[in-house]
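Undergrad: These are the residues of each chain, in order.
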Amino acid sequence: MKISREDVLKVAELAHLGLSPEEVDKYREQLDSILTYVEKLNELDLEKVEPMAQVLYAGSGDSHPELREDVLRPCDVAAPVLAEAPDAAKPFFRVPRVIEK
Amino acid sequence: MSAPTAWTVAGVRAALQAKKVSARELAAEFYGRIDRRNGELNAFLTLSAERAYAQADRIDAAIARGQALPPLAGVPVAIKDVISTRGIRTTCASKILGSYVPPYDATAVERLDRAGAVFLGKTNCDEFAMGGSNENSAYGPVRNPIAPDRVPGGSSGGSAAAVAAGLAVAALGTDTGGSIRQPGGYCGVPGLMPTYGRVSRYGLVAFASSLDKIGPFAANVADAAAVMAVIAGHDANDSTSAAVPVPDYAADLDKPLDWLRIGVPEDYFGEGLDPEVKEKVQAGIALLERLGCRRIPLQMPHTDYAIAAYYIIATAEASSNLARYDGVRYGLRVPGSTLVEMYRKTRERGFGPEVKRRIMLGTYALSAGYYDAYYLRAQKVRALIARDFADAFQKVDAIVTPTSPTAAFRLGEKTSDPLQMYLADIYTVTGSLAGVPGISVPCGKTKGGLPVGMQVLAPHFSESRVLQIASAFEKAGGSGA
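In the order they appear, the protein sequences are chains A and B. Going by this note's numbering, the first residue of the first sequence is number 91, and it counts up by one from there. Going by this note's numbering, the first residue of the second sequence is number -10, and it counts up by one from there.
I should point out that these hints are in silico values taken from the structure, not numbers from a laboratory. Any given hint might turn out to be false.
[Unchecked claim] Once the Cα atoms are required to be at most 25 Å apart in a straight line, the calculated SDA-like pairs of lysine to any residue come out as: (1) B:Lys334 to A:Ala178; (2) B:Lys84 to A:Arg184; (3) B:Lys84 to A:Glu103; (4) A:Lys116 to B:Lys464; (5) B:Lys8 to B:Gly55; (6) B:Lys334 to A:Val185; (7) B:Lys403 to B:Gly55; (8) B:Lys334 to A:Arg95; (9) A:Lys116 to A:Tyr127; (10) A:Lys116 to B:Ala362; (11) B:Lys434 to B:Arg26; (12) B:Lys369 to A:Val185; (13) A:Lys138 to B:Ser356; (14) A:Lys130 to B:Lys84; (15) A:Lys130 to B:Asp293; (16) B:Lys464 to B:Asp293; (17) B:Lys84 to A:Glu113; (18) B:Lys334 to A:Tyr127; (19) A:Lys92 to B:Asp406; (20) B:Lys369 to A:Asp115; (21) B:Lys84 to B:Gly401.
Construct the complete structure from the given sequences, taking the supplied hints into account.
TA: See the structure below:
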């Protein structure tokens, strides 16, 4: 067994994801099966292989040839953005209290 | 009942210029078709008639004034619901964005708008583009228009089905591990995945940022090329967008295939490939040879590891990208007594089972103690797969494979076992990991009448070659064989 019930609960906590007890059992079983399959990556000798961090410019020495000039541009979007918020008090997003008195 | 007109980009243009139809009448005709078929197919989640008619009226006014028409003038298009559209609800087929209306257009959408396209609406897909059957939509599955008891493929199932059923002339989809090519294959329409960075991702709701691409579906290859010509090119709003000049795809379409070297990887024709699909694709390759290509056998030794690497990398990136859905800035909020409780409840109720599964897998793969064993290993294997492609393209000009191991499967057939669903992506995830362009072109039908797709892959930024091969194949009758 690759993954325990406790592992699933720990990962759900890291991901801020509420799960029902049935989901915990189901995901434990399914993740176990997927992680067992993924073990085949261990068959390869990867000692001397560099990880692929860039799709197009791997190894070219210049990972971001197309970065734009750092110039200010107008960005007047606060009103339409706040209009999509579940709870906004302009100019803020309102959330449950984080700091106790 | 007579068959409805099979509209094409060129056909729309000619009819508008000859004043046989107005852009408004054409939009209305397509809304009529959608009205008749969408109840069964569920290809569209949101219709955007107000914007569509405004766009159509602009084209009709331009025609009345005798102005030159932009390249996609009046062409009715559908847009996958993971791509942002200003003023048009964009749900990502998720409950967590059930009523989200973006304040801006994605760059690809803005370019279609400028090119004169008419936006019919937003198409159904797997939730956040995660899936290969469109059964992971929070708004119900899409049915395959060719065989309504079967899936259309996924994740861009609604876009593929809309084009295949004649409910749109072209559509935008997105491809992360096969989500354009596979539904294109299952529904019998061409679907093009561009090179990574060829089409801006600005405004595409992120799933796996190092793999996501926007690309077109159309009823024929020339129309896919016409849409590509509009959406391709550098965009300062996407730092991974490539500043590589965009060639004239239409002009390259009719170049002869003389002496093109077609690589056929033996690893793609082995165990797990349906015999009828194999026979069709082999016949397709034989047709390409008759058209002047040379067939060259290839070894791509790391193919067998692609799915494992893909599902670690894609889920790791997804777990990070989907952290933004927390009930604070947009979308669903489920109240909680603390901030963290609000996050947990919002995400529990807002995400569907496959999205939760991938967030869990990705979070696990990135968590302390497992990063080296999973994510880092997967990134190294990705480098090996990219090297397989680079080596192959030293010897061949393009690679031809089946798009998928089987034709479209039945609704519900694979939903109980996520791993079996993932394994069906075997022929598409390799090109996704390497970042190369690929098309699925229709390659005949099985005895049961189900479309088969043939995949053509080429080196980075060689969309022209992919389109050229697919177009020659289509014109030689390969798609209908």
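Undergrad: None of the hints should be skipped; say for each whether it holds.
TA: Do the hints match the structure? See the list:
no.	hint	in the structure
1	B:Lys334 to A:Ala178	holds (19 Å)
2	B:Lys84 to A:Arg184	holds (21 Å)
3	B:Lys84 to A:Glu103	holds (21 Å)
4	A:Lys116 to B:Lys464	violated (49 Å)
5	B:Lys8 to B:Gly55	holds (11 Å)
6	B:Lys334 to A:Val185	holds (14 Å)
7	B:Lys403 to B:Gly55	violated (54 Å)
8	B:Lys334 to A:Arg95	holds (20 Å)
9	A:Lys116 to A:Tyr127	holds (17 Å)
10	A:Lys116 to B:Ala362	holds (24 Å)
11	B:Lys434 to B:Arg26	holds (23 Å)
12	B:Lys369 to A:Val185	violated (41 Å)
13	A:Lys138 to B:Ser356	holds (24 Å)
14	A:Lys130 to B:Lys84	violated (35 Å)
15	A:Lys130 to B:Asp293	holds (9 Å)
16	B:Lys464 to B:Asp293	violated (34 Å)
17	B:Lys84 to A:Glu113	holds (18 Å)
18	B:Lys334 to A:Tyr127	violated (31 Å)
19	A:Lys92 to B:Asp406	holds (18 Å)
20	B:Lys369 to A:Asp115	violated (32 Å)
21	B:Lys84 to B:Gly401	holds (21 Å)
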